[in-house]
Structure formats: structure tokens, C-alpha cells
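Trainee: Those letters in the sequence shown? Residues 2 to 1190, per our numbering, in order.
None of these hints come from the bench; they were simulated from the model. Each hint should be verified, as a subset may be incorrect.
[Unchecked claim] Simulated crosslink set (PhoX-like; lysine-lysine; CA at most 20 Å straight-line):
1) Lys747 - Lys757
2) Lys39 - Lys6
3) Lys859 - Lys906
4) Lys60 - Lys39
5) Lys902 - Lys1055
6) Lys656 - Lys851
7) Lys773 - Lys902
8) Lys256 - Lys327
9) Lys360 - Lys506
10) Lys103 - Lys6
11) Lys26 - Lys103
12) Lys1001 - Lys1039
13) Lys1055 - Lys984
14) Lys26 - Lys111
[Unchecked claim] Ranges between beta-carbon positions, derived for each pair:
15) Asn481 - Gln435: 20 to 26 Å
16) Leu978 - Leu1189: 47 to 53 Å
17) Thr767 - Asp1004: 47 to 53 Å
18) Glu379 - Gln493: 54 to 60 Å
19) Glu474 - His1140: 40 to 46 Å
20) Thr1028 - Asn481: 31 to 37 Å
21) Ile96 - Phe449: 58 to 64 Å
Ideal placement from N, C-alpha and C gives every residue a C-beta, glycine not left out.
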Amino acid sequence: MRLEKVLNLIHQSGLRKLVDEVLRKRYLLIGDISLFDKEDIHLVVIDLGGLKTHYETIKQKKQTLQQAFLPCLAIISREELHTELSQFSSVVDEILVLPLEKVELLIRVKTLLNLYQSSLSLTSAVNEELKISEERYRYISELVTDYAYAFRILPDGSMYGEWVTESFVKVFGYSLDEISARGGWQSMVHPEDLPIAMYHVQKLLQGEKDVCEMRFVTRSGETRWLRDYAVPQQDAEGKRVVRIYGASQDITIEKQLRDQLQESEARYRTIFSTSPDSVLLTRLDDGKIVEVNQAFLETTGYSEEECLGKTTLELNIWANEEDREKLISLLQEHQEVNNWESLFRMKDGSVIPCLVSSKVINLDGTPHFLSVVRNIEELKQIQEERERLLQEATASRKLLLETFERISDGVLALNNEWEFTYLNSRAIEMLHYQTREDLLGKKLEDIFPEEGVIPFYPAAQRAMEKLQPVSLEEYYSPWNRWFEYRIYPAQQGVTIFFTDITDRKNAEVELHKLNRMYAFISEINQMIVRTENRDELFRRTCEIAVNQGEFSMSWIVLRDEKTRTAIPHVWAGSSKEEIEKIPTIKLDDSRFNRGPVAQAILTGTYSLINDIESASYVDPWKDDALRLGYQSVIALPLKIQDKVIGALGLFSSEKHFFDKEEIQLLVEASNDISFALEALELQEQKREAEKQQELLATAIENSSEAIFITDANNNFLYINKGFKDLYGYSLEELTGKSPGILKSGKHDVEFFQQLKQTLQAGKAWTGHFVNKSKDGDFIEVFASITPILDAEGNISHYVSVHRDVSREQEIERRIEQNQRLEAIGTLAGGIAHDFNNLLTPIVGYGELCKSLLPEGSKLQGFIEQILIAASRASELVNQILSFSRQTSRERSELDIESLIKEALKLLRAAIPTTIEFVEDIQPLSSTIIGSPAEIHQIIMNLCTNAYQAMPNGGTLTVHLSEVEVTSEFASTLPNLLPGRHIKLAIKDTGMGIPDDIIDKIFDPYFTTKGDFQGTGLGLAVVHGIVTAYNGAITVASKPGEGTVFTVYLPAIEKKTTVKEYTTDVIPGGNETILFVDDEVVIIEMVGKMLEHYGYKVITFSNPLLALDYIKNSPEEIDLLITDMTMPKLTGLQLVKEVHNLRSDIPVILCTGFSEQLNDEKLQGNNINKVLYKPFSHHDLARLIRELLD
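Using the sequences provided together with the hints, build the complete structure.
Mentor: In C-alpha cells:
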């Protein structure tokens, strides 16, 4: 048997000897660094002294080895871990902290050697093929681009140059070794373009192809523009970019010409002299050459003296003189010719093909030809090679399709026959299909058979006809969803990106409804102020309802006491003919008085039907309403002196149009109209101008809106109570002043000039103001200013109405906050799934190792710390979910004293010994209703903040007691009610909290800690939990003295024996368990775990193979444990297939995180239990016995 070779580079003699004794019997030990390159080393063991001496040697060896992984195990002290190890992290793969345990050393060494063998098997098969591919790519790149290169991406993210074309070295003056010695390729990038270059690399490392333009500086200091085309190569699993291939085009001349810098003589000379293409300048009138560059001289073989003052004909450059005449003709006609191909004769008589680009320019008032000639002989020769690069395009297409699979948009492609040629996974899901094969080759009409309801089809036709991209938003009624489409046509078909925007549209609809209703109410209020008779009030109300309120039809029906009927009086949105067709509303006839109008008149309250089609009791006028397109209606009573005189009916073409808030606003509007009717009734009865003014003044004074009147010079004459409440001024304070006293400085001069012009023209002005109150508060109002004219038509007064619109702004902010929380929640779900999967083997192996070690050993303590850290990591994920999703947990009566003591016991191990820990837990006669996990979160977050505030030591005090909260104290804290409470206080003697940030500490993501030291969620989560419990939290702090957080939670009398949280010994068994998970490390861990409990374990990482095994031996399995998310076959699909084979097998479903699981779904999929990752041995063993016993 061939022994693995271990290189021992430990400097400390005692430690080196100990390692040799432990490993000598199992491995071949090598202690000489000089044998590093001669021997096939499988593992390096080293201490800090060895790292300081041999770091560069190991780093270089890791970078140049062909195999993917050479493990390095560092054995160091805990002090070295926190101080000096970070500078050597790029070569260290595993760390073992002193004091050294022999068993731990053997476990770590064996694990790393297993990883080494795995890396060899993964990479050896592709090395030869990769080498051939790189050589072919490098050869082609030499031919078809100005420069080409390849970089290998090392595991630490650094870039190692593998090769670069010789042309790059010649032009820029640096070899790969010199570039590396200078600090890498970044050292050559122009400083101003470094952000562009780094963004370019970032996109490549994310697996995206990219093109960018940037400047490089040569060894001589010359700056050159490059257009870089780069493609990433990923590893076999597609998880990491391992190489970057690139081709760069030197576009220096193109840049210089494009920017038209020829007017600058100095820059013109630089372009002219350094261009790799031939450049010549000739006069237009006699064709004589004025100037040529060095490239022209080198290409043609002529000297500068032979060229200047002669024509190209005299030099016999044109192989075909007709080409010259044609070029001159084109220049005279178009002033510019680009990439015109011709043959040129050199001094030695040879002829080469060239591309000529010429332009007529004026120099000192004299027309000249500026011509750039590029030798394309090499390009002609390698055209066949270029065609080979089509294979590269195939690989690019594959990369593009992989990108499509990762984006959140649906992507589909259709050919000219409207047949599906491609769909990404998101598109298949959004079209409600299972697999891509269900759709490929099918026509649109097959997928959407309903005529006239094929989504995006008209827009796609329009895009194809005009061959122009089309973007649109469209509602698809069969699915009741809104979609955004971006359609890109081509000759072969069309590609469509589409996104479900239903949530955004719903938010827009809600906001639009609010704005519409407030506009309706504002117009009604303004109209009420201006209307002088009842009929005008009725007519304008109906018009405003249709125009501003956007109702389909509005009418006012008046009560006729003589005939006991309700008769339409005025309407808007419908014709007289249609109104006359509606049956007469008879108030005393049960067949005709069940409609909303009759009910509003008879009951004196509003009557609502939000779905006319389903309302069978509103015959006989139901059919007429549906025929006219009405789906919902509300009728609001109109009263004078509490007597119902009629009703205002509002119809909508949408079902469920009226919500609770809109109904309330409409009721207020109908009350306002009724109030106006009363005012008009008094005007008609008394016909006295003074009474009219008194009534109007009463209406204005009691309005919730701020109303004021100014004279022609804009001085205050009157303000109502709403004005006083809104702005805080009395009329006495405003006497002799204008509304300019309310200016906030938020509007410019032009704004007020336009307002003044409108009013001076005798027109009313409406719009938004941001004003300032007497107390200095900024208030946003919707304002209406109306000029009042005297008998001669001159402005005598101005009436202004201001309505506080802060509520609408708050609604918008809430919508935006909900959208942010939804996005955070989506991200948190993904993090929870992946993170808990990673924690599962850590917890499992940690518990397994702990159980195998003798009680009280040091390693048991170390492993306990690992388990504590894993538990905290899992709880961090739960905190993120708790905050972002506002998740709730099952609550019950708790033993709060035991629960807090348990949390403090766990916390004590994590708190530095420099901190004195004081527990002041008083006996309680009361307890709380809550969740143990949430109480743990409160304790852990507050205590963690407390000890982190004492880096140099101090005292952390935890106090628990019962208190009686008085009404006076409760009034000082929001959400707190008087009565019995549990008081929890966490006090530290740390640095304290500065006054300028103490108001922000409960804000989500606010943190004063450095990068990667805090999430900013801890106090936000605590605040959220306490608030959800109807409790309160306070903070008191003095910089330099410490901080006290005090939590008050409502208490209840202890009624039951609260469950104690203990860990029972779980018995094992001898049954046969089948475990399926696509993570090999989890399979190995759970297998060992179950074998430890005595079970026979059969494991599979491929669910299809597991299914085959069950098909062959269905009676052998006593229990199935499966992961939920797996490739090829999900856990739910596997359970379904197994259930069809044998329905009595109990099932445990494991998952890192899923919002999709609920009791109904679990029962419908034959799932007995769900186990969330990471899980402990006891969790799994307990569930197994529950199911098998």
C-alpha cells in the first residue's frame, strides 16, 4: 500500500517531535523543504515559524501545481490565530489550535488527505484536454487579434497570468513575470480607468462575458487604448470561475480619430507618428504628399525624402490607377470613404491588399486628403481560421443560455412560425408547465387556445414587422396577472423577456384610488363652497363623480312622497334614453325597493353591492345594470335636517370596487353634500344675504381643512379653526400680514410667479404647497386659491383652502417599506436554505465527535464551542427571517425564570473571562405568554451587545423581577399599558452610547461596529419582539459609564406547570432506514449518526438511484428520510413515487428553509414529519422513534 507523503515544516522542536510520533506509523514523513519540488507531496503541516520562513515557497507551489488542491494544515496557538495568522491565510487550508490532541490531529490530517485525493480525481481527466484547447485558442488569438491572454483564477480569488501573445510584450514592454513583479496587471492600467478595469474583472468573476475599453501604460510611459473582449471559464460544477480568456484590440488610433483631436498639433503628431497603420496626408489640388508616418515608410520601403512633394502616381503606389480615380471621385462626392479595399505596390514591386479610409480635411484653409492604409494581407490569409472561431460562439451561446437560467425574468424564443424554440426555467414556471419538452416545438395558439387572449402576440407581431424592439405592460385576464414584456425581433424569430409585475400594479392601483378619491373629495368641497343653488350642486356632484372620481355613472335620485317613488333627477355618464329605460323605483313595493337607491332612502344609511352579477335580490333592474356594464354600486343618502330627500348613486364597471376606506370617504362626501343642501335650503327660505354669509362662514369654520380669506392686497382678513389647528396662528397674529408668512423655502420664485399670474387672470389655482407652521414644522397641503370678483369684475378678495395630505404620503411610504421588506424576505429565504445546509454537517459531526470523546476532555470543550457558534449562526438566520418576514412563532405560558437562566448558562461560555457576570434573578409569582426562541433572542442580543461594549473588561448585570406599571409611567412609553409586568434589565459598565445616535439604535441595519462585525439587526429584532408582546423597551446610557436596557413584558398569573426544557436520553433501534440527500458530507454524517444509534442505514446522493433501490426491495425499508431540494428529483417527488410503491413507509422530510411547507401540503404529500436543518442527533433520533414506535 502506497503511503501518503506529509511535509513537516514545524519550527518548534517539541511540537515537531510530537507530530512526527503521531503521524509516523500511518504516513511517510518528509522534513526537508528542498525535497518540495522533487517529491510528490500530499500534505503540508506547519506552524507560525514555518509560515514566516516558507510562505512564498508554499504559495508559489500552490499556484503552479497542476492538481487543483495541495492542503496545508497550520498548528498555532490561540493568540497567534487572532494576531498574525491573517497575513498567511492564502496558503492555509485548515487550522488546529494548541494544545494539540492526537485524535484531533489524526482526524484533521485524514480529512485533508481525502480532499486532496478528491481534487486529483476531479482535475486529472480534464488537464490534457484543457492544455490542447488553450494551445489552439492561443494560436488562433495570435492570428486574429492585436493581443490575447489567459489568466488562471486561484482559490483565493487572485489572478495568475498563464500566457500572453508576443505582440503584447513587444508593444507594452513587459513580460508576464515582470507584470507579476509590478503587482499584477492592475499596475499597467491608467489610474483613471482602474475602476472600469476592476468592474470588468468583477463581472468576469461572476461568470459573465464582458467587453470594455480602457487605457494601459507601456514601459515607456505611453498610454494606449484597448478594447478588451473576455470570456470566463468555470469549473466542472459551474460554481467558480477558474480561468479568463481574453482578446484585446488596440483602438488607440480609433479613439484619437473619433475624438477629432486633429486640431491639436501635438496630439495629431502623436497619432500620426505612432500609428501602426500607414498614414499619409496629400493636398487636394495637386495630389502631392505633404506628410507620411513611419509605418508608411516601413510598409512601402520608401524613405521620407522619396515621398514628400510627389504624388502617389509618381511613386507608382497604385497597382490599379483606376482605383485612385474612383477613390478621388468618392471623396469629392461624400467627403469621406471608410474601409475601401485596393491593391498597393511597394518599392520592391510587391503588391499587397489594403483597406483605405480617407477623409477631406482643411489645414490652414487648404483642402487635404488624410488617408489611413491598413495592410490586410494577414487578415486575408486567416479568414479560414476565423471561421473556426464559430465554435467559440457555440460555447458563448451555451454560456448565454446558462445566464438565462439564472435570471429572475422569464425568457422565451419563437421562430417565424410562432413556435417555441427556447424557454428558460422561469418562463416554464410562469407559463404553468412542468418541463421544457412540454413546450418546445409547439405554437403559441397551442399553448393559449382561447381566441383573442394570447399574451404579447400583437406586440410581437409589430416588433417582427418593423424589426424594432418593443416594450409594454399588459394584463392577462385568464391568469389575472400583469406582465412586463421586452420583445427583441430578429430575422429568424423573436426573443421575449417577461416579468410578473402584478404586485407593483396592485400597489399603483391602490395609490391611484387614493389620489382619485382625494381629488374627488377636494373638488366636491370646492364645488360646495362655490355652488349657489341646489340643481347646480346636484349637476356638478354627478359630473365630478364621473370626471374626478372616475365612476362609470353617477346619478341623484330624489324622493317623491306623493307617489312614494324615487325619481332620477340629474345624472352623468349615461344618456337620458338609457335612464328612462330603468324601471321605476317604488318605495313601498318589495319587488322594487330592494335595490341600493331605495334602501339608502328607506334606511338613511349607505347601501352597497360590490358584485351586481351575483346579487339575485336586486331584480328587475339587475339586467339593465349589467347591460350597461355596471358591476358594483353604492347609494348614499342625501339629507336635509336629518330627513332623507334622495340618494347619490355611484356605479363602477369593476367588481369589488368599493373598499372600506373609500366607503368612509364617500360617506363623508355625502355628508358634506347634505350639509351643503341644508345651507342652500336656508338660503332659499330666508333669502337674506347676511344669513347666506353666516351659513357659509359656519361651514368654513367647522371644516377640517384650513380655510382663510385675504383682501386684494393679500392681507389676512379671516382664518378658520382648521387653519389655526394646522398652522398654529391666531388672526390677531396675522393682522396686516400676507400668506407669505407660511413660506417654507421649498418653492422657487418661478413657482410663486406662475401662481400670481393665474390668480391675477381671475382664475382659480390648485396644487401642492409645502408650508411652515408657527412651530417651524413643514406641512404638505393640497391647496385651492380662488379670486373673488366685485361687481365691476375686479378682484376684491381671495379664498384659500388648504388640506393636509400627510396621510397620503404616509401610505406611499408604507407601500415602499412593504416592498423593501418583501425583497429582504426573499433574500433571507435563500440565505436560510443554503446556510442551514452548511451548518448541518458542522452540528452533526460536532455532536458525533463530542459523544465519542471521554467526558471532561479538552476536545469536548472545544467541540462544545463549535456547537455554540453553529447554534448562534442558525439563530442569526432566524433573526434575519424574523425581521424581514415578520414571522410569528407559537406562544405559550413560559417558565421565564428557568428560560432566562438557561440562556445565561449558554451565554456564559461565550463571554470573556475579563467580564464579571452578575445574575440577579428574583422569584416570580407571575409569568408571560411567549415563545422560548424569542425570549432567547432578546437575552442573547442584549447581552452580546453589552459584553461587546466592554472590550477591556467590566461588569454585566442581568436583573429579573416583577413590577407594577402605573398609568403615569405607561403614558411615557408607546404600546405600554398599566398593570403587572415582568421587568428584565441588562446593564453593562462599558463605553456607553453617544447622544447623537441613541435615537437610531433600534433602526434596522444600523450598527456602529466595523465591517463583518455586526448585522445591525439585533436591537431591531428585540424591539420587534417586545412590541409584538405589547411590551416596551427603554435605554439609558452615559458615555464612559455604561448602558442599561430595560424590557417590560405584560405578566399573567401562573396557572399551569410550565414545561421544563430538558434533553432526554433517546433510545436507538435496529430498523432499516433509507437516507437520501444530494450533499455527500451530510450523507456521511447522518449515516454515522444513525449507525451510532444501532440502525441499519442505506444512503444515496442520487434520488433516482434511491427510487430504483426501493422498487427492487420495497419491504426492506422501515423509514425514509429525504432532503427536500435535490437535482433530478425533489424530495416531494421522491416521496410521491415511493408512496405509489408502498404507502405505509413513514417519511421524514429534511430542509434548510422553505416557505412552501404547511400542514395541508405535508399531509397531501404523505409527509409524517419535517426536520429543519441544522438538526441535532437528539432531534433526529426522537423523530425516528416517534414514527417507528
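Trainee: Could you run down the list of hints and mark each one as holding or not?
Mentor: Structure-based check of all given hints:
no.: 1; hint: Lys747 - Lys757; verdict: holds (17 Å)
no.: 2; hint: Lys39 - Lys6; verdict: holds (12 Å)
no.: 3; hint: Lys859 - Lys906; verdict: holds (19 Å)
no.: 4; hint: Lys60 - Lys39; verdict: holds (17 Å)
no.: 5; hint: Lys902 - Lys1055; verdict: holds (18 Å)
no.: 6; hint: Lys656 - Lys851; verdict: violated (64 Å)
no.: 7; hint: Lys773 - Lys902; verdict: violated (54 Å)
no.: 8; hint: Lys256 - Lys327; verdict: violated (28 Å)
no.: 9; hint: Lys360 - Lys506; verdict: violated (54 Å)
no.: 10; hint: Lys103 - Lys6; verdict: holds (19 Å)
no.: 11; hint: Lys26 - Lys103; verdict: holds (13 Å)
no.: 12; hint: Lys1001 - Lys1039; verdict: holds (16 Å)
no.: 13; hint: Lys1055 - Lys984; verdict: holds (16 Å)
no.: 14; hint: Lys26 - Lys111; verdict: holds (13 Å)
no.: 15; hint: Asn481 - Gln435: 20 to 26 Å; verdict: holds (21 Å)
no.: 16; hint: Leu978 - Leu1189: 47 to 53 Å; verdict: holds (49 Å)
no.: 17; hint: Thr767 - Asp1004: 47 to 53 Å; verdict: violated (37 Å)
no.: 18; hint: Glu379 - Gln493: 54 to 60 Å; verdict: violated (33 Å)
no.: 19; hint: Glu474 - His1140: 40 to 46 Å; verdict: holds (43 Å)
no.: 20; hint: Thr1028 - Asn481: 31 to 37 Å; verdict: holds (35 Å)
no.: 21; hint: Ile96 - Phe449: 58 to 64 Å; verdict: holds (59 Å)
Hint violations for this structure: numbers 6, 7, 8, 9, 17 and 18, all remaining hints satisfied.
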